[in-house]
Amino acid sequence: MPISTGEFNMRNVFYRLLATPQGLLGSLILLLAVVLVCAGPALAPFDPEAISILARYKAPSLVHWFGTDQLGRDIFSRLLIGARATISLSVLATAMAMLVGALLGTVSGYLGGRIDEALMRTLDAVMSIPTLLFALLIVSTLGRSDFNAVLAITIAFVPSMARIARSVALAARRQDYVNAAIARGESTVYIVVREMLPNIVAPIIVEATIRVAFAIMLFATLSFLGLGAQPPQPEWGLMVAEARRYFFQAPWMMLMPGLAIATVAIGFNLLGDGLRDALNPKGQRS
Amino acid sequence: MTAAYLTKRLLLVVYTLLIVSLLVFAITQLLPADAAVTLLGQSATPEALAALRARLGLDQPAWVQFSHWLMAVLHGDLGVSMRNGQPVLGSLLDALGRSLLLAGCSLLLMLLIAIPLGIVAAVRRGRPVDLIIGVLSYIGVSLPEFVTATLLVLLFADFWQLLPATGYVPLGDNFGEGIRHLILPTLTVSMIMVAHVSRMVRSEMIDVLETDYIRAARLKGLSRRRVLLRHALRNGLLPTITIVALDVGYLLGGIVVVEEIFNIPGIGRELLVAVAARDLPAIQGGVLILAATYCLVNFVADLAYAYLDRRIQYA
Amino acid sequence: MNTVFRLNRRRFLTTSAIVTGAAMLPFSSTLWAAAAAQKGGTLRISVDQAVGMLNPLLARVNPEYLLSELLYNGLTRLSQDMQAEPDLAQSWSHNSDLTEWTFTLRGNLKFHDGSACTAKDVAASLQAVLDPKTASPGLRNIGPIKSVEALDDLHVKLTTTAPYADLPVSLAYPDAKIVPAAILQGDMTRLSREAIGTGPFKLVSFEPERMVVVTRNEHFYDPQRPHLDRVEIRVYPDPASEGSALMSGDIDLMLSAQATEFTRLSEANGVKGLRVASGQFLNINMGCDQPPFNDVRVRQALSLCVDRSAMVDFVAEGFGTPGNDTPLNAAYRYYSDIALRQANLTKAKQLLADAGYPNGLDITLVASDKPSTRTQLGIAVREMAKPAGFNITVATMANSTYLDQVWKKGNFYVGFYNMQPSADAVFSLLYTSDAAWNETRWNNAEFDAAVAAARGTDDPVKRSALYATAQQLMHEQVPSLIPTFFDVLAAQRTYVQGYQLHPRGAVFRLDQTWLDDSAPKRG
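Protein chains in written order, with the numbering used here: chain A, 1 to 286; chain B, 1 to 315; chain C, 1 to 523.
Here chain A stands alone, though its shape is the one from the complex:
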C-alpha cells in the first residue's frame, strides 16, 4: 500500500510509535541495546577475560552483579562485551538479508512474467531446506566463526525477505505512480529504485525488525550447536551452551545470558509490532 510522502513523515511515525506500549517498551530496549553495543566494553567493571581461581562459581553479589563462571570470569562484564557480537551480528545479518532480499523481490515483482516465476520458484526451492540445516552446511563449509554464521543466516533469510518484498512490489507496481513513471519513459532501474523501493521499505522494515529477534535466537542456537561463535568469545548463545553443564553448580551462568537473549528478542518483537501499527495508522494491512 503506497504511502504518499505527506503521511510518511518520520516524525509522525516516531510519535505514533512511542504512543503504543509495545512501541515504547520496544524502543527503550532498542536504546539499551544500542548503548550496550557502543559503550559495552567501557562500562564493564571487570576484564571479561580475567580468570581467577578464587572467584569461581560465585553467586550474584554486590561485587559480581551477575556472578562468575567456571573460570572465575565476571559474567556481567562478559555479557556487556558479548552484546556486541550477539546484537550487532544479528542486526547485520538481517540488514544484509533485507537489502539483498528487497532488491531481488522488487526486481522480480517489477519484471514479472517468466523471470519472476523462475526466480521465485528457485527461491522456494532454497526455502525448502530448513534454515538451521542450511546455516549448518554453510558454516561447516566456510569455517566456524561468528562472521560465517552471519553469512549463513543472511543467505537463509534472503528467500523469505525476497518473497515479502515481491508481494509488496507486486501491489505497488499496479499503482498509478508507477504507470506514470513508465509512461514518462523512465528506466527500469529508476523505477525500481526511486519509485517503488521507498514505498516498500516500510513493511520490509517491520518484517526485518521481527526477523532480528529470530536472528538473535538463531545465532544463539548456532552457537549452542557449536557452529557460531567459538569459545572463548563471550557471545550470549555460546555462554548459554557452555553454562548448561554447570547448571546445578551455578544456575546464573546460564540464566543471565538466557535472559539477555530473551529480553533483546522481546524488545525487537515489540518494536516490530509497534512499527507495524505506527506505519499503518488505520489498522489495515497491505
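One should not assume that every hint holds.
[Said to hold, decoys possible] Heads up, simulated DSS-like pairs for lysine-lysine below, C-alpha to C-alpha not over 30 Å straight-line:
{"no.": "1", "chain 1": "C", "residue 1": "K146", "chain 2": "C", "residue 2": "K462"}
{"no.": "2", "chain 1": "C", "residue 1": "K133", "chain 2": "C", "residue 2": "K370"}
{"no.": "3", "chain 1": "C", "residue 1": "K146", "chain 2": "A", "residue 2": "K58"}
{"no.": "4", "chain 1": "A", "residue 1": "K58", "chain 2": "C", "residue 2": "K370"}
{"no.": "5", "chain 1": "C", "residue 1": "K202", "chain 2": "C", "residue 2": "K133"}
{"no.": "6", "chain 1": "C", "residue 1": "K409", "chain 2": "C", "residue 2": "K370"}
For the record, the hints were derived by calculation from the structure and aren't laboratory data.
Assemble chains B and C onto chain A, guided by the hints.
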C-alpha cells in the same frame, strides 16, 4: 483440481528437489576435510586415506559423483552411509518417522492451544486477558528452544520427577511410555509456535471481525457465536495454514536442538551428525527427504487452503 | 540420620576407588568372584556418541571399544593394574632376547556361528590389523611385529623387529580382536554388518545412532561368564539428559561422566559415582623444528607460567592430578616422581628475553572442539602466560578440520590422549623421533636411545632407570606442556555389581558384571 494443475505442481516439486540437491552437493564439495579424514581420525596415513577414498568413491570428479548419485536416486537407491555402511534410505526414513511424530504431536498441541488463545485474545481485545496472552506470547517467541528445553527438563524430570528426561520409546513397543516420553519435547517445540500462531490468529481475527462481510452476517441476525465459528474462523484460519505450512520446514530441521537434548533420533539430528562426519550420501539423502516432505506438506496445505476458501480458483 | 550415613558411605566407596587406583595396589580378579555373582538380567549402558563402527579392527572411540569387547576377544587383555591377562591365549612364552613370542590358545574356542577359532584365525586377524590397507588404528599400537605365524591349531608365533618386552600388553590393544579368517579372506565388509566373534555376547540388533543390543553367548570359552543375559548400549549425545536418565533409572551404567556432573550424580538416590586416577591428559604441543619453539628457552618460559595445581581445578574440576610435562603420572608403572614444576613468572620473562623476545611473543593456539576441555586449557594457559609476555590467541575449530589441517602440521595446538597401557606405548606413540604421531618433532636422540633400550629388556630395575632418564629429559626440555591429568569418571546404579572403572579408559570387562536382587526386572 485439474490435471494440468497437478502436473504443474509435480514438475515444480521435481524442479525444487533438483535445485536443492545441486545446491547441497555444491556446498558439500567445499567442506574442508572429507569422510575419509573423519573416519580415520588420528590413524590416517596417506595410503589409508587413499584406499578409503577409493573405496568410498571420493576420488572421482565431483560431477561424476553427483551423476552417479542422481542415477541411483532415480532408481530409488539413496546409497549407503559412509560411516557405518547401512543403507541411507532405511535409516533416514526411520528417523523421519520419529521427527514427524514429534512434529505432528506438536502441531496438534499447538493448534489446540493457539487457536482458542488467539480467538479469545481477539474477541476480548484490549482487556486484561488479551494483555496476559500477549505478554506470554512475547516471552514464548523470544526464548530459544534450548533454553526452554533445558528448563523444562530440569523442572519436570529432575526437580519434580514427574516425567522422563529422555525422549524416545517407540509407540509400537509401549504406547503409554512412548507418550510420556513425548510430552516434554512436544511442549518445547510447540511453545514457540503457540506464541507465534496465537498472535497471528488474533490479528487475523481482529481484521476479519471488522470486515463488512462479518457486519453483514451480524446484521442478518446470526448469533455472535455462529458468526465467529462459521465465517470468521474459516477466513481467519487461511493465513494460519500458510504459516503452519511454512513452519513445517522449521519443525523438521530446526528441532535438531530438541532432538539432541531429548535424545530423539530424528532426522534433524541425523543430518547434524552426517554433516559433522562428512557423510555425503546421508547428507544428500537427508536434505532430499526433508525437501520432499516440505513440498508435500505445502501441497497439502494448498489443498486445505483451497477447500476452506472456495472463492480461490486454481487454473 | 540415614541420609548422612549413606552419603558418608558413598564418599568412602569413591575415595577407596581413588586410593586403590592411585596407589596401584596389586589387584586380582578373583577378589570379585568372592561375592556370589548372580546370573541373569539386562544391563542398560549409556554412551555419549554413536557406536558407528561394528568392525572391531576399525574401532576408534570408547563406545566402539565397548561393543567390540562384548562381541570379540583378543589374545590378551588388560588387568586393572595394566598387566597382560590371558584372554584367547591361555599362556605365552618368549625367547631370551624378546624377539620371538609364542602364544598358546585355549582348546575350546568357538565363533558365534559354531565354527572353531584356531591359530589360523588369530594370524589372519593380526595380519589384517598390521596391513596398511585395512587402515586399522591398531597398526601402530600393537607392537613392532614383523611376522605372525600359525604353528598349528593352538600355537601362534609372533616375531618382532626388535626386542620388545611389552608385547603381551600391546596385544591387548582394543583393535587387536580375533575375527574369522574366512571373512578376512572373503568379503571384509561383512564385518561392518555382522558380528561373528568369540566374545561373551552375541549381536542382536545394531542401530548405530540409537541402540545396540547383545545377548549372552552360551558357548563362551569360560562357562562361568558372562553373568548378564543381555546388554543394551544406548546413545545419549546430550550429557545432561544422560545424567537425568541415570538418576531416573532408565539407565543402569553411564560409561563416562563429565567432571561437572559427577558430584551431582554421586549424590543422587541410588547412584554410585566411580572414579579412578588415570593417565588421560591434554598436551599443548609446540613445534620444536621452527621458531619460536625451536628455542628450548621459549618452551621452558611457557612451562614456568603455569600453576599446575590450579589447572587441575580449572580444567578437571578438581578430578585430576597435576602434570609435570611428561605423559606419565602415578597411574603408570615406571613413573618417576620428579619435583612438581612451580610457576615462576620472573624467570619466564627472563628466559623469553634471553631467547630474543624481550617485548613478548604473539602466537595462536589451536584447540579442537572435542573435548571442550581443550579450549578450557587454552584459555587458562593464555591468562597465566599473559604476565610473562606471551600474547596467545585461542582459536577453536571443528575436530574434523583440526585433524585435516592442524594435527601434526601446526606448531602450537592442544592434543588429547587416553591413558596408554604402558610407558613405552605412550612414548613411542608420541615422542620418539620415529613415532607415528610425532606431534612436536622434538627428535631427541638421547630420549630415543633411552626408550629403545627400555623396551628391549624385561628387567624392571633397568627399565625404571631408563624411563626415569626419559622423563627427566622431557621435563627439562618441554616439547609439550602437560599440566594436568584427568581422573576417569563414571556412574552407575547401586545394584550393578562387579563393574570396575579401568584407568585406561578403553577397557570395560562387562563379562564380570552382574546385577543384584534390587535391580529392576526388565522384559
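Please name the hints from earlier in the document that this structure breaks, with their numbers sorted from lowest to highest. 3
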